[in-house]
Each structure stands twice: as C-alpha cells, then as structure tokens.
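The chain contents come next:
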Amino acid sequence: MHVVVIGASVAGVTLAEALRASGHSGPITLVGAEPHAPYARPPLSKQVLDGTWEPDRAALRTASELQALGVTLRTGATATSVAPLRHEVVVDGDPLGYDVLVLATGVGPARPVLPGRSVHVLRTLDDAVALRAAWRRATSVAVLGTGVLGSELASAARKTGHDVTMIGRSGRLTFGTVGALLSDRLAELHRANGVSLRLAPTDPSTVSADLVVAAIGGRPRTDWLTGSGLTIDDGVVCDATGQAAPDVFAIGDVARWTDPSTGRAVRVEHQTNAIEQALAVAATLTGGPPQAAPTPFFWSEVHGVRIQAAGVFDADVPLVADDDEPRILRQPAGVVGWGAPRAFRLARAELTAVTTPA
Amino acid sequence: MRIIADTGACVGAGQCALVAGTLFDQDDDGIVELLEEHPGAADEPAARRAASLCPARAITIED
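Residue numbers (this note's numbering), protein chains in the order written: chain C, 2 to 359; chain X, -13 to 49.
It cannot be assumed that every hint is accurate.
The calculated label-pair distances, taken between Cβ atoms and stated as ranges, are [stated by the list, open to error]:
{"no.": "1", "chain 1": "X", "residue 1": "49", "chain 2": "C", "residue 2": "58", "range": "38 to 46 Å"}
{"no.": "2", "chain 1": "C", "residue 1": "211", "chain 2": "X", "residue 2": "-12", "range": "23 to 31 Å"}
{"no.": "3", "chain 1": "X", "residue 1": "8", "chain 2": "C", "residue 2": "317", "range": "18 to 26 Å"}
{"no.": "4", "chain 1": "C", "residue 1": "115", "chain 2": "X", "residue 2": "23", "range": "39 to 47 Å"}
{"no.": "5", "chain 1": "X", "residue 1": "28", "chain 2": "C", "residue 2": "170", "range": "33 to 41 Å"}
{"no.": "6", "chain 1": "X", "residue 1": "8", "chain 2": "C", "residue 2": "134", "range": "28 to 36 Å"}
{"no.": "7", "chain 1": "X", "residue 1": "8", "chain 2": "C", "residue 2": "53", "range": "31 to 39 Å"}
{"no.": "8", "chain 1": "C", "residue 1": "326", "chain 2": "X", "residue 2": "8", "range": "17 to 25 Å"}
{"no.": "9", "chain 1": "X", "residue 1": "-7", "chain 2": "C", "residue 2": "351", "range": "34 to 42 Å"}
{"no.": "10", "chain 1": "X", "residue 1": "28", "chain 2": "C", "residue 2": "140", "range": "54 to 62 Å"}
Chain X is nowhere near these chain C residues, computed Cβ spacing over 12 Å in every case [what the hints assert, rightly or not]:
{"no.": "11", "residue": "19"}
{"no.": "12", "residue": "94"}
{"no.": "13", "residue": "148"}
{"no.": "14", "residue": "334"}
A few chain X residues facing chain C, derived, Cβ under 10 Å [to be verified]:
{"no.": "15", "residue": "-12"}
{"no.": "16", "residue": "-3"}
{"no.": "17", "residue": "-1"}
{"no.": "18", "residue": "11"}
{"no.": "19", "residue": "15"}
{"no.": "20", "residue": "16"}
{"no.": "21", "residue": "32"}
{"no.": "22", "residue": "43"}
Note that these hints are calculated values from the structure, not bench results.
Glycine included, C-beta positions come from ideal geometry on N, C-alpha and C.
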C-alpha cells in the first residue's frame, strides 16, 4: 500500500509516524510545497517571532528521525491535480500513483491590500523570518485581525517592547472555538498589557504604525482540487472517519469531518485537531480499533496567560465560572481555563468522559 | 521503554496527562511531571499516544 500525503506539516508527519508505529511497511511519500523540512507552526507566532528561538528550532523532526521513518520526502513540490478514479495525483507536472491519498494542505492566509503599504502575514516559516526582520526595525506595530493569531501577535509585540494597536471591525475579540464569549476578558487583558484596541468601525480610523501585520483568517488550500470530483465546501468534506472518497482522506486545517453527533461537517484550525485526525486515519488504514472522535481542544498564550478551551460552545450561552475556581469557565458542552492549566485539565477530563463515552 | 519529558520544552497543553494520567501529571503552571519513567507493557500504547499528541514534542520514548 503506497500512501501519498499532500502536505508536509504536522498532520502529514504525524500520519506517517503513526502508520509506521502501527506496522505499515509499504512506501509513504510526503509532498510539501514549501522548501523546508517539516516544522511546527505554533512557535512561529511565539518563540520564533519574539526571538527566543532561532527558526531551525521549529523543526518537527531531525533529519535522522525523518530518515528512520523511511518516508520519501519531496519538499518544494507542488501538487496540481488529482484523479481519484485513476488513483493518481500530479506533482510538479508528473503523475504519481497512490493506493491511498491523504490531503493535508492546510489553509492559506488572506492578504489584505493597503495602498502604499506592505502588509505582513504569518503562516509559513518564511513569513515568520521576514516578519521578525521587519519587526526588529519597527517601534510600532498595527495588528489587523482580532482572532487568536491577532492576540498572539499583539502579545509578542508587547513582549518585544513595541507600541501595539489591534484593529478590527466587529467590535469584539474572538478565540477559536469559543468565539466571542471571551471578548471582554481578552480586551481587558490586552489593555492591561498596554495594547490599544480599535475594534469598532466607529473608532478613529487613522492609526500610525511602522509595521502592519494581518491575521484575518485564511482559506483552505483546495483550489488545486477543482474538477477532482471531491466535495469541496470550505474545505474537503469528509465522513466521520476523514474519508472524502474511496481511498482519499483529508486531515488537519483543510479537512471538514462530519461530527457524528450532529451530522454537521466541521473544520477546525488547530494543531491538536490535526494530530488527532492523523492518528485516527492511521488507525483506520492499518485496521486498528476505531478512534473516538476527538473532543475539540484549543489553547493559546496571551500576555503570559494560558487560555485553553475544550468542547463545543454556544455563542448565545454565557460562560459561568466555577464557585471554587473562578479561572474555570463552563458551558454545558465546553470548558475554558483562564490561566489555570492544571484545574483545566481536570475539568476537561470530566467533559471528555461525559461527551465521548468509550 | 523509557519516557523522557522535557520540562523546558513543555508548553502545558496537558495532552499527555489527559491520555495517560497514570504516567503524567502537571504542576500548577501546567508543566509536565513524569510519574512513571519506565511504564509497564499495558501502559506503553498510552505513552506513545502521549508523545504523539504533545504539541511541543516535549515527550520522547526510548525503546
């Protein structure tokens, strides 16, 4: 069984490792569009950007670990089309046959155009290196975007002593799966750490900054799949096991797996989800026991506060703090830890036991 | 099997303690505490799963 994985980030690498750990001895080809060996993205907006780490340290695996995996790694290689019926994918102009194809191409960042200004984005290692160089020459930073990455960028910029303004239009700050439920707390945290917030369209429209970085979301990288016959709708639509078509699976940010409890296809842009989905597909492919659908889990660190969220959240239901631990905030099917990692883990374990019976 | 947990690399996500609570705990800052360096055979799959799930690659397994 030749497994071809398009996308050489954490989802693809985890899948390759899990296949080997489960005894798959056939060929595995890992195709990555970027010139770099696989690296982790979470440190890009944190340790790489604030200068704590040199970029090399973001590598997911050492060269010898990759070699030991027995994977054919093709970096700087672009997949341009797939023919599921022929079991063939075109990479750098040449057909590559597969027995199983796994799509793990992630998302590409939206790039706003500001006349006369260059706007940085942060998705790849090259983006991070370019941003870091510009960052060092800047004294003030404008962050466009009010999601998790925007909050992380603002946090990193304060840590490096920059004047920071966060700019949005919705009037609120969001945090991944939790949506805007933490908006007031996040706003207070940013203000307490010296970030100016311009969140509403009515706020003064002129902000001066040496550097502009946009974190306004992105789109699943599926353009190359047009005409493949796969169902593409805000990502690759899959069943509850990650299967998109016979012998075709999708994992990570690009994948919309069907949630068996609601029947809805959900796309989650978070590293832990990518890892869980990779492990689940590896188990399916090697005939292992079916894996329980992962409970969504999301975490970040903003101005030194670790914010963690597990489960699913209803935007219309307020979060309620525990009586004995005010840093634990709950809804019926979700829990947030606000700077309380240990207490959060216990609360999360209870939630997982309730929502995903074995 | 031997488990090595790098507390300097740990980011406190708690994945390890969630999937292998007999092997890993967290301190009040969320940083990993290794409870069992040499797990029994029954706990080896959980140890490997914890290593795979660690977002900081802070857990290493030596066979």
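Which of the numbered hints above does this structure break? Hints 1, 2, 3, 4, 5, 6, 9, 11, 15, 21 contradicted; others consistent.
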